[in-house]
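There are 2 protein chains.
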Amino acid sequence: MTVTLNKHRLVDTMETQARIGGTDDGGLHRLALSDEDKAARDWFVDQLAALGLSVRIDAFGNIFGRRPGTDPEAAPVLIGSHLDSQPNGGIYDGQLGVVAALELLRTLEDDDVETRRPIEIVNWTNEEGTRFQPGLQGSGVWSGVFDIETEYQRTDRDGVRLVDELERIGYRGDTPAEPREVYEAYFELHIEQGPYLDANDANVGVVTGVVGLSWGEVTFTGEANHAGSTPMHMRYDAGVAAADLLTSIRRIPGRLGDRTVGTVGSIGVEPDSINIIPETATVTWDIRDPSDDVLDEAVDQVRAEAESAASREGIDCAVEETARTAGVEFDDGCVETVQHVADEFGYESMRLISGGNHDASHVDLVCDTAMVFAVSEGGKSHTAEEYTSWDDCFTAANTVANAAFLTATDRR
Amino acid sequence: MTVTLNKHRLVDTMETQARIGGTDDGGLHRLALSDEDKAARDWFVDQLAALGLSVRIDAFGNIFGRRPGTDPEAAPVLIGSHLDSQPNGGIYDGQLGVVAALELLRTLEDDDVETRRPIEIVNWTNEEGTRFQPGLQGSGVWSGVFDIETEYQRTDRDGVRLVDELERIGYRGDTPAEPREVYEAYFELHIEQGPYLDANDANVGVVTGVVGLSWGEVTFTGEANHAGSTPMHMRYDAGVAAADLLTSIRRIPGRLGDRTVGTVGSIGVEPDSINIIPETATVTWDIRDPSDDVLDEAVDQVRAEAESAASREGIDCAVEETARTAGVEFDDGCVETVQHVADEFGYESMRLISGGNHDASHVDLVCDTAMVFAVSEGGKSHTAEEYTSWDDCFTAANTVANAAFLTATDRR
Numbered sequence: 001m002t003v004t005l006n007k008h009r010l011v012d013t014m015e016t017q018a019r020i021g022g023t024d025d026g027g028l029h030r031l032a033l034s035d036e037d038k039a040a041r042d043w044f045v046d047q048l049a050a051l052g053l054s055v056r057i058d059a060f061g062n063i064f065g066r067r068p069g070t071d072p073e074a075a076p077v078l079i080g081s082h083l084d085s086q087p088n089g090g091i092y093d094g095q096l097g098v099v100a101a102l103e104l105l106r107t108l109e110d111d112d113v114e115t116r117r118p119i120e121i122v123n124w125t126n127e128e129g130t131r132f133q134p135g136l137q138g139s140g141v142w143s144g145v146f147d148i149e150t151e152y153q154r155t156d157r158d159g160v161r162l163v164d165e166l167e168r169i170g171y172r173g174d175t176p177a178e179p180r181e182v183y184e185a186y187f188e189l190h191i192e193q194g195p196y197l198d199a200n201d202a203n204v205g206v207v208t209g210v211v212g213l214s215w216g217e218v219t220f221t222g223e224a225n226h227a228g229s230t231p232m233h234m235r236y237d238a239g240v241a242a243a244d245l246l247t248s249i250r251r252i253p254g255r256l257g258d259r260t261v262g263t264v265g266s267i268g269v270e271p272d273s274i275n276i277i278p279e280t281a282t283v284t285w286d287i288r289d290p291s292d293d294v295l296d297e298a299v300d301q302v303r304a305e306a307e308s309a310a311s312r313e314g315i316d317c318a319v320e321e322t323a324r325t326a327g328v329e330f331d332d333g334c335v336e337t338v339q340h341v342a343d344e345f346g347y348e349s350m351r352l353i354s355g356g357n358h359d360a361s362h363v364d365l366v367c368d369t370a371m372v373f374a375v376s377e378g379g380k381s382h383t384a385e386e387y388t389s390w391d392d393c394f395t396a397a398n399t400v401a402n403a404a405f406l407t408a409t410d411r412r
Numbered sequence: 001m002t003v004t005l006n007k008h009r010l011v012d013t014m015e016t017q018a019r020i021g022g023t024d025d026g027g028l029h030r031l032a033l034s035d036e037d038k039a040a041r042d043w044f045v046d047q048l049a050a051l052g053l054s055v056r057i058d059a060f061g062n063i064f065g066r067r068p069g070t071d072p073e074a075a076p077v078l079i080g081s082h083l084d085s086q087p088n089g090g091i092y093d094g095q096l097g098v099v100a101a102l103e104l105l106r107t108l109e110d111d112d113v114e115t116r117r118p119i120e121i122v123n124w125t126n127e128e129g130t131r132f133q134p135g136l137q138g139s140g141v142w143s144g145v146f147d148i149e150t151e152y153q154r155t156d157r158d159g160v161r162l163v164d165e166l167e168r169i170g171y172r173g174d175t176p177a178e179p180r181e182v183y184e185a186y187f188e189l190h191i192e193q194g195p196y197l198d199a200n201d202a203n204v205g206v207v208t209g210v211v212g213l214s215w216g217e218v219t220f221t222g223e224a225n226h227a228g229s230t231p232m233h234m235r236y237d238a239g240v241a242a243a244d245l246l247t248s249i250r251r252i253p254g255r256l257g258d259r260t261v262g263t264v265g266s267i268g269v270e271p272d273s274i275n276i277i278p279e280t281a282t283v284t285w286d287i288r289d290p291s292d293d294v295l296d297e298a299v300d301q302v303r304a305e306a307e308s309a310a311s312r313e314g315i316d317c318a319v320e321e322t323a324r325t326a327g328v329e330f331d332d333g334c335v336e337t338v339q340h341v342a343d344e345f346g347y348e349s350m351r352l353i354s355g356g357n358h359d360a361s362h363v364d365l366v367c368d369t370a371m372v373f374a375v376s377e378g379g380k381s382h383t384a385e386e387y388t389s390w391d392d393c394f395t396a397a398n399t400v401a402n403a404a405f406l407t408a409t410d411r412r
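These protein sequence lines are chains A and B, in that order. For the first sequence, our numbering begins at 1 and goes up steadily by one. For the second sequence, our numbering begins at 1 and goes up steadily by one.
It should be emphasised that the hints constitute simulated quantities derived from the structure, not laboratory data. One thing to keep in mind: the hints can contain errors.
[Stated by the list, open to error] Which stretches of chain B does chain A cover? Using the computed rule of at least three CB atoms under 8 Å from a CB of chain A, they are:
hint	segment
1	90 to 101
2	191 to 202
3	209 to 217
4	273 to 279
[As the list claims (entries may be wrong)] Negatives, chain A to chain B, calculated, CB over 10 Å:
hint	residue
5	Thr16
6	Pro68
7	Asp71
8	Val113
9	Arg154
10	Asp164
11	Pro195
12	Thr230
13	Arg250
14	Arg288
15	Glu344
Just so it is clear, CB atoms sit at the ideal spot from N, CA and C, and this is done for glycine as well.
With the hints as constraints, model all of the structure from the sequences given.
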């Protein structure tokens, strides 16, 4: 048995939420804990209340709305995403995931459908991490990854503390920011933020995990010298070694795997003057792959390439991995439920691993989890140009809603 | 006939001038038109007065001291360099050239030697160009390359105007900053600021010219994108193209000539974030060679390499040459005079082309010119570590002094 969301109402709700902090160019500017975020939260709570759900706001501002199941002992199913946006971001991002969950609960009410398990809808606080770092903050606190007292003290660029903003907008709730019980599963819908689904003409993405990530920095130290009077063979040019490494990092992913990506987002030299041979140069790396072993191999290759580049210039280098996040493999059962729903509805689905991180990575530490991706045209994301057709919104929403519904009725 | 400078007094005078603005680590901090520069100028004028020379300060602060010749109609010989220094620079740089000239005039007085031509010693204002840009400013105004009114208005980083500082330290003189008569020749001694003499075990450098220079900038424009979710084959990474070009510029000089040098002193990407594929990237170039044709060819190669790099990433590039200075070929007669002197004294001389620019390039527009380079250990320059042994100081000073002396006695 499946339920079918009301597409007209889904679109209407998407348009309604998009007006709260909407920008002139059709984007969304709704930074976490801003006045716009408060307005979106107030609207969301009103929608939950109108459905007669019991609303709960935890100490970190995460908002839950619970629809009871027929079995008071059964572990609930959680479904949701986030309402906050990037500065001048798009209107789909995670918002679609919240609206899809809302539409599931509305549809169950409309159709008078009962589920054995309770269904909880959730809006996580500060997924984006642009006003206050880090991102995925609400889910991180709830999952026990972050310490709430530490996160309370985070400040934005004006020095405003997160906890003070949470108080100011009235969303420092009175229930503990932690799982109060055992959850059966968590499902999250998000736009892809990448081009795979669009490039492969898929309708919907069945997300099997999130890639792991290695961040690091290489610093080369040579000798500053006069650009005019220093012969080419007597130079120790840190900039040349850095550029040499950068082009190598471009090639490393192609040696490791078809889903490995590697990026140098930052390169700089000192003293950074047109007529002085650079003394020092730094290059950052961002390498991602689902496998920790592949990340290890990638970092080894960066180190070897850095040492070769330094040796070719006769200079020194220091290689430091500054961050490592393990890849996440979602629960097979949850993934199969999503796949089953997509197949039932006849959607052209595609399995993929998320290249960006999501609240689901945190929630996966608490309970079985899976994600659904909506098609994002050209992979555009975090910009007003982000676009998902209403058809694709509906397809993805219907998929995540039914995955939660099937789990709540134990049909998964 | 030659004169031989007093080495003990040369060393003593070098040590005396080095104390005016001297730094704790044995360097020199005597920025143009600062209190330290004023003190050095006052000391210099005292030395000229003590020799009974007629001292002249022009409207741009260039200081001249003239020793008459026996023929009142004869064109004078000019010899000198500059007393100002880089921030925390070395004590030799151009200072040695001024002290060598002073020692020539002292020696002629000591030995009661007359010359047919007058000899003028000069200290040029603001050679270094760090406090006020551009450098080589006093010689540039005097030679008619720069407009004095424009240069007066230059400001330092505190917004102080050059002309006001010139007034404040009392060195805005009342004679026009221009050649008042025809000059027979100009000789300038400077340290090499490069490693060629030291690397070739030469005692002294016979400088035949100054290399020409091309400066430019290449800007690549690609597409910013998410470092995690953008597949390698769907990237338009401006940073990769910039690094690619940088490594190519490292190779261009090796295809063009044994004195061609090419440097990328600056590379940068935007948005310059560890997890965003760079949208734009810029690379500067500094390429030097004595020949304008070689510089043309070098710029053509940079353009071709930039276009290849851009095309490999499927992005755009813009190539702009921002400055071009033609190479200077010093007067054969003056160069031969320097060579003759070095040979007469049995010095191990080496002919070379200056990779850095000097006041002599400007003066060469006014009269026949040549330069002498002193050996600089390891080519270090513009740092307290700059070092020329007193033997090498003496050798170079003796060479430039006798070149001027021979020219003043028409023995060249």
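Verification of the supplied hints:
1. 90 to 101: Check failed, 0 qualifying residues.
2. 191 to 202: holds (count 6)
3. 209 to 217: n = 3 at 8 Å, threshold three: holds.
4. 273 to 279: Satisfied; 6 residues make the cut.
5. Thr16: holds (28 Å)
6. Pro68: Check passes; 38 Å lies beyond 10 Å.
7. Asp71: holds (39 Å)
8. Val113: holds (35 Å)
9. Arg154: holds (19 Å)
10. Asp164: holds (28 Å)
11. Pro195: Non-interface label fails for A:Pro195: nearest chain B Cβ at 6 Å, not farther than 10 Å.
12. Thr230: violated (6 Å)
13. Arg250: violated (5 Å)
14. Arg288: violated (5 Å)
15. Glu344: Fine: 27 Å to the nearest Cβ keeps A:Glu344 off the interface.
Hint compliance for this structure: hints 1, 11, 12, 13 and 14 are not met, and every other hint is.
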